[in-house]
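For the record, the sequence lines run as chains A and B. The C-terminal position of the first sequence is numbered 359 in this note's numbering, with every residue numbered one higher than the one before it. The C-terminal position of the second sequence is numbered 476 in this note's numbering, with every residue numbered one higher than the one before it.
Don't take each hint at face value.
[Said to hold, decoys possible] Straight line, CA to CA, 20 Å or less: simulated SDA-like cross-link-like pairs of lysine to any residue:
1. Lys212(A) - Ser296(B)
2. Lys278(B) - Asn132(A)
3. Lys88(A) - Ile286(B)
4. Lys94(A) - Lys114(A)
5. Lys228(A) - Lys125(B)
6. Lys88(A) - Met262(B)
7. Lys278(B) - Tyr135(A)
8. Lys294(B) - Ile170(A)
9. Lys278(B) - Asp134(A)
10. Lys334(A) - Asn143(A)
11. Lys88(A) - Ile266(B)
12. Lys228(A) - Ile261(B)
13. Lys167(A) - Lys40(A)
14. Lys205(A) - Asn227(A)
15. Lys276(B) - Thr218(A)
16. Lys334(A) - Asn320(A)
17. Lys88(A) - Phe153(B)
18. Lys40(A) - Ser168(A)
19. Lys114(A) - Met307(B)
20. Lys264(A) - Asp330(A)
21. Lys94(A) - Ala295(A)
22. Lys205(A) - Ala194(A)
23. Lys114(A) - Asn139(A)
24. Lys94(A) - Leu438(B)
25. Lys278(B) - Ala111(A)
26. Lys88(A) - Pro156(B)
27. Lys88(A) - Thr277(B)
28. Lys94(A) - Trp273(B)
29. Lys212(A) - His301(B)
30. Lys294(B) - Lys167(A)
31. Lys294(B) - Ala111(A)
32. Lys344(A) - Thr218(A)
33. Lys114(A) - Trp273(B)
34. Lys88(A) - Trp273(B)
35. Lys312(A) - Asp330(A)
36. Lys228(A) - Ala382(B)
37. Lys228(A) - Ile266(B)
38. Lys88(A) - Ile261(B)
Don't read these hints as lab results, they were simulated from the structure. Being a predicted model, the structure only gives us computed values, none of them experimental.
If you want the building blocks of each chain, they are given just below.
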Amino acid sequence: MKKSFTFKSIAILSVISASLIGIASAPMSQAAKVKACMVLDTGGIDDHSFNAGSWAGMQSATSIADVQYLPSTSSADFQPNIKKFIDLKCQLIVGVGFSISSAIVAAGKANPGVKFAVVDDSAMDCNADYSVCNAVANVKGLTFGTDQAAFQAGYLAAGYSKSGIVATYGGAPYPTVTIFMDGFAKGVAYYNSAKHKSVKVLGWDPKNPSSGTFVGDFANMNKAGQISSNFEQQGADVIMPVAGGLEAATLSQSLKSGKSVVVGVDTDAVASYPQYSSVILTTVQKGLGAAIKSVIFDVALNRFNNKAYVGTLSNNGVSIAPLHDFASKVSSRLQLDTKIVGSGVRSGKISLSN
Amino acid sequence: MKKFYNRIAETALLPFLSVIMAFVISGLLIVFSDAAVLKVIGSPGKFIKVASSTFMNAYIALFQGAFFDPHLTQGHTLLQGFYPLSETIVTATPLILAGLSVSLAFQSGLFNIGAQGQFIFGAIGASYVGFHYTFSPVVHVTLALLAGIVLASLWGGFVGLLKARTGAHEVIVTIMMNYIAGFFILWILKTKSFLRPRRIDPLAPNIKPSAELPHLLGSTMRLHAGILIALLAAVFVWWLLNKTTIGFQFRAVGANASAAKTAGISVGVTTMLTMTIAGALAGLGGAVHVLGNQYALTSDIAGSFGFDAITVALLGRAKPRGTVMAALLFGALRTGGRTMEANTSTPLDIVLVIQALIVLFIASPALVRFIFRIKNLQSQGTLASKGWNG
Chain A
6 MKKSFTFKSI
16 AILSVISASL
26 IGIASAPMSQ
36 AAKVKACMVL
46 DTGGIDDHSF
56 NAGSWAGMQS
66 ATSIADVQYL
76 PSTSSADFQP
86 NIKKFIDLKC
96 QLIVGVGFSI
106 SSAIVAAGKA
116 NPGVKFAVVD
126 DSAMDCNADY
136 SVCNAVANVK
146 GLTFGTDQAA
156 FQAGYLAAGY
166 SKSGIVATYG
176 GAPYPTVTIF
186 MDGFAKGVAY
196 YNSAKHKSVK
206 VLGWDPKNPS
216 SGTFVGDFAN
226 MNKAGQISSN
236 FEQQGADVIM
246 PVAGGLEAAT
256 LSQSLKSGKS
266 VVVGVDTDAV
276 ASYPQYSSVI
286 LTTVQKGLGA
296 AIKSVIFDVA
306 LNRFNNKAYV
316 GTLSNNGVSI
326 APLHDFASKV
336 SSRLQLDTKI
346 VGSGVRSGKI
356 SLSN
Chain B
87 MKKFYNRIAE
97 TALLPFLSVI
107 MAFVISGLLI
117 VFSDAAVLKV
127 IGSPGKFIKV
137 ASSTFMNAYI
147 ALFQGAFFDP
157 HLTQGHTLLQ
167 GFYPLSETIV
177 TATPLILAGL
187 SVSLAFQSGL
197 FNIGAQGQFI
207 FGAIGASYVG
217 FHYTFSPVVH
227 VTLALLAGIV
237 LASLWGGFVG
247 LLKARTGAHE
257 VIVTIMMNYI
267 AGFFILWILK
277 TKSFLRPRRI
287 DPLAPNIKPS
297 AELPHLLGST
307 MRLHAGILIA
317 LLAAVFVWWL
327 LNKTTIGFQF
337 RAVGANASAA
347 KTAGISVGVT
357 TMLTMTIAGA
367 LAGLGGAVHV
377 LGNQYALTSD
387 IAGSFGFDAI
397 TVALLGRAKP
407 RGTVMAALLF
417 GALRTGGRTM
427 EANTSTPLDI
437 VLVIQALIVL
447 FIASPALVRF
457 IFRIKNLQSQ
467 GTLASKGWNG
């Protein structure tokens, strides 16, 4: 009797659980994956930086999405690449970089059934004289306040520097580049006023942007290496390259000379370049991946909206990476101070606007 | 008549065989870089099956992406299937013009590496007139094109002036001036007059609709009137070189500058004139590119058009017709490569390999002759720019 009862209850339980599993798994197995497609910037998929970070975000969503990308050799490729993805019936098309923004906005207006997102631009639709700009219903802009995290990195760099000279350079004077340099220089200035020091920043002065140091493009490794070695000769012992894949040139220069350490940008440089971990102080991380992943989930769960996303320290959209090899080389006092500066920025106690 | 066919065969055979060989070799690359193929490499039967389907799929996608895609006709008109062809022509249009620029200079014995810089200045001129002024449609387009032509011809002509006056070699000068142009556009895009209102990105405002080149096949196709301009330019270059005194002087200087000088042709004036017209052609390419469908000036507006133009001119043997054909081939490869990557995930870089191999074979007729055992394959008036002392 008891036995049959157990048997019955097991049978009932299994029926119930089977139906529960059925309910639970039905939407997952029936719902087709979202088709999410990405049009890259001219930097290419292997830039260990901004394109790679964006693509990593796409790949992190493969549980719910089929993902695909197309590279762009110049801005002339943007329109046809987007069109190709529309033909391939992509439900979400992500464009990487501010320069693709107009093409995405135009495609968004022409294809209201497709969702679009642009990395590093607010993706507004403007009238002919740019006096009125509005968001487009199916286009979402993703931007990042990277100066907040760069501020922390600048503070850390100033505290770490033994020579009292730190440096930064950019690939090209784009706002998405100079925002890092701005934050970095302001972080150094904050350190100077808090600690009564006079650490110098080479390569960028927020008050005189035209004097900034730039490679001119994101491809010239020789020139990037040259800039790094010039900085070292001028005494800089911390360098922050904001130049996509050109980071490798600075890393290799630092490792060779042993005179400087590097602050990476975009994606944790220790993960991108493990062979250089001994010269990577930290990385100013831009949470491209997380932002893109959440857009893909929004599309999958049918809750996409066109509200602009702005990554900050508060929402973890930007952050500084762990110190890895340098955890033991940076004084715990400085590490703590850097954290405090971060929470100061987060709470608004420290303002970056001036 | 027979002679005519022989001539066609002679001129077309080398490029044709070069293209075929480039496709075969790149096909091997496609096959042996494909994961599915490598998995079955152990069993010959399966290997041949998978390898041949990979090979075919890649090239079918390349073809569909460049000329006609039946998938695009579903639910649309047959014309939509030719969307890829329209894209091929759109991509080829600036290449034709920049290629003509390099070809013309070749004919006059000059190696114009500066098409890139001239293209940039053409784009800057057209963009500025396009967004800054307002005119009635036809006038606006014409003025914008002219602005591009004038700026670029000055930029190109300056090289001719330097060469004529000081003997500075045009190769060095044009390479250096490409850098100047490249940094100039970076700078000018940050100036107040070129920035979009309320924005700080290096991105010029869109040109006014009145400055846009008209689309030829409606708004669904990007094909614009630029191709007509490019073809007219090709006819013009042919006419100039073959039917005018100036063109004769160009070719005379190109064939033998000393002889031309003895014959009373001013080499200096010819050089300046050549570079001015070459600059104008490349600049027209930049202008057409902006007014055709880019609309806004960006720092990488010239892409690699100016450098691909050199390859196109070489492939087209510096003849106007050949340049047009070569540019169309490159346009097709570029456009088809996109579909190849999107549909079969064969990397777009394969297209660059194809392009490079074509040029390699074209440049070495002896190799093609050896491989195909052809005895009298002509390399038809080998192109050679003058040496350092030319």
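Here's how the hints hold up against the structure:
Restraint check: the Cα-Cα separation between Lys212(A) and Ser296(B) comes to about 40 Å, which exceeds 20 Å; the hinted pair is violated. With a C-alpha separation of about 19 Å, the suggested pair Lys278(B) and Asn132(A) falls inside the 20 Å cut-off, and the hint holds. Of the supplied pair hints, the one linking Lys88(A) and Ile286(B) is violated, its CA atoms being roughly 27 Å apart against a limit of 20 Å. With a C-alpha separation of about 16 Å, the suggested pairing of Lys94(A) with Lys114(A) holds against the 20 Å cut-off.
Between Lys228(A) and Lys125(B) the alpha-carbon distance is near 42 Å, which puts this suggested pair outside the 20 Å criterion. Pair hint Lys88(A) plus Met262(B) does not hold up; C-alpha atoms about 37 Å apart against a cutoff of 20 Å. Among the hinted pairs, Lys278(B) with Tyr135(A) is consistent with the structure: their alpha-carbon atoms are about 14 Å apart, no more than 20 Å. Of the supplied pair hints, the one linking Lys294(B) and Ile170(A) is violated, its CA atoms being roughly 48 Å apart against a limit of 20 Å.
Annotation: proposed proximity of Lys278(B) to Asp134(A) holds, straight-line Cα distance about 14 Å (limit 20 Å). For the suggested pair Lys334(A) and Asn143(A), the alpha carbons sit about 48 Å apart, so the restraint of at most 20 Å is broken. Restraint check for Lys88(A) and Ile266(B): not satisfied, since their Cα atoms lie roughly 34 Å apart, outside the 20 Å limit. Between Lys228(A) and Ile261(B) the CA atoms are separated by roughly 17 Å; this keeps the pair inside 20 Å, and the hint holds.
About 51 Å separates the Cα atoms of Lys167(A) and Lys40(A), which puts this hinted pair outside 20 Å; it is violated. Proximity of Lys205(A) to Asn227(A) is assessed by CA-CA distance (about 25 Å); at most 20 Å being required, the pair is judged violated. With a CA separation close to 15 Å, the supplied pair Lys276(B) and Thr218(A) stays within the 20 Å bound. Distance hint between Lys334(A) and Asn320(A) is unfulfilled; the C-alpha atoms sit about 29 Å from each other, more than 20 Å.
Between Lys88(A) and Phe153(B) the CA atoms are separated by roughly 16 Å; this keeps the pair inside 20 Å, and the hint holds. A distance of roughly 52 Å separates the Cα atoms of Lys40(A) and Ser168(A); the hinted pair therefore is violated under the 20 Å criterion. Under the criterion of a C-alpha separation no larger than 20 Å, the hint pairing Lys114(A) with Met307(B) is consistent with the structure, at around 17 Å. Taken as a hint, the Lys264(A) and Asp330(A) pair is honoured in the structure, with Cα atoms around 17 Å apart against an allowance of 20 Å.
Of the supplied pair hints, the one linking Lys94(A) and Ala295(A) is violated, its CA atoms being roughly 24 Å apart against a limit of 20 Å. Between Lys205(A) and Ala194(A) the alpha-carbon distance is near 9 Å, which keeps this suggested pair within the 20 Å criterion. For the hint linking Lys114(A) to Asn139(A), the alpha-carbon distance of about 12 Å falls within 20 Å, and the restraint holds. Between Lys94(A) and Leu438(B) the CA atoms are separated by roughly 27 Å; this puts the pair beyond 20 Å, and the hint is violated.
Note on Lys278(B) and Ala111(A): the hinted pairing is violated, with a Cα-Cα distance of about 25 Å set against a maximum of 20 Å. The hinted pair formed by Lys88(A) and Pro156(B) meets the criterion: a straight-line CA distance of about 16 Å does not exceed 20 Å. Restraint check: the Cα-Cα separation between Lys88(A) and Thr277(B) comes to about 32 Å, which exceeds 20 Å; the hinted pair is violated. This hinted pair does not check out: Lys94(A) and Trp273(B) have alpha carbons roughly 39 Å apart, beyond 20 Å.
A distance of roughly 46 Å separates the Cα atoms of Lys212(A) and His301(B); the hinted pair therefore is violated under the 20 Å criterion. This hinted pair does not check out: Lys294(B) and Lys167(A) have alpha carbons roughly 55 Å apart, beyond 20 Å. Using a Cα cut-off of 20 Å, the hinted pair Lys294(B) and Ala111(A) holds, with the two alpha carbons roughly 15 Å apart. Distance check on the hinted pair: Lys344(A) and Thr218(A) sit about 29 Å apart at the alpha-carbon level, beyond 20 Å; violated.
Using a Cα cut-off of 20 Å, the hinted pair Lys114(A) and Trp273(B) is violated, with the two alpha carbons roughly 32 Å apart. The hinted pair formed by Lys88(A) and Trp273(B) fails the criterion: a straight-line CA distance of about 31 Å is larger than 20 Å. The suggested pairing of Lys312(A) with Asp330(A) is violated, with an alpha-carbon distance near 39 Å, which exceeds 20 Å. Straight-line distance between C-alpha atoms of Lys228(A) and Ala382(B) comes to about 29 Å, which puts the hinted pair past the 20 Å bound.
This hinted pair checks out: Lys228(A) and Ile266(B) have alpha carbons roughly 16 Å apart, not beyond 20 Å. Straight-line distance between C-alpha atoms of Lys88(A) and Ile261(B) comes to about 35 Å, which puts the hinted pair past the 20 Å bound.
In summary, the structure is inconsistent with hints 1, 3, 5, 6, 8, 10, 11, 13, 14, 16, 18, 21, 24, 25, 27, 28, 29, 30, 32, 33, 34, 35, 36, 38 from the numbered list given earlier, while agreeing with the others.
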